[in-house]
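Start from the sequences, fold in the hints, and give me the full structure.
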Amino acid sequence: MKRNTFGILAGVLLGLAACGPMDDGGGGVVGDVCTPNSDECVPNGCCGNGTDVVNVSHAPSCPAPAACPAGSPDPSNQTLLNGCGTPFCDGTGHCVVARRC
Numbered sequence: 014m015k016r017n018t019f020g021i022l023a024g025v026l027l028g029l030a031a032c033g034p035m036d037d038g039g040g041g042v043v044g045d046v047c048t049p050n051s052d053e054c055v056p057n058g059c060c061g062n063g064t065d066v067v068n069v070s071h072a073p074s075c076p077a078p079a080a081c082p083a084g085s086p087d088p089s090n091q092t093l094l095n096g097c098g099t100p101f102c103d104g105t106g107h108c109v110v111a112r113r114c
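Quick note on the working numbering: the sequence shown kicks off at 14 and runs consecutively.
Since the hints were derived computationally from the structure, they do not count as laboratory data.
Each residue gets a CB set at the ideal place from its N, CA and C atoms; glycine is no exception.
Hints are not guaranteed to be accurate.
Between beta-carbon pairs, the in silico distance windows are [claimed, not checked]:
1) 105 x 80: 32 to 38 Å
2) 80 x 106: 28 to 34 Å
3) 96 x 69: 16 to 22 Å
As structure tokens, this is what we get:
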């Protein structure tokens, strides 16, 4: 009986683990993996129009900073959310948005 209960519990846990991305405990999804406190995280969009952060390996191909369209929120390609967020690799090794607006 004990062995059967353990098997069922293990199956349920494996099923839950396979359901998708891990939750960060605050309702969000854990971002791409990175080296803590590194520059490996970038916006997922160009010219300040990104909405999230990704590892540089998943970065979009952005124009040179001076080539962003006129009126872009951030022609330097360093921020996202219309200039209100900065890509950051947190202490847990995941890309996150550091909000400043």
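So, going through the hints one by one against the coordinates:
no.: 1; hint: 105 x 80: 32 to 38 Å; in the structure: holds, 35 Å
no.: 2; hint: 80 x 106: 28 to 34 Å; in the structure: holds, 32 Å
no.: 3; hint: 96 x 69: 16 to 22 Å; in the structure: holds, 20 Å
Hint check: no violations occur; every hint is consistent with the structure.
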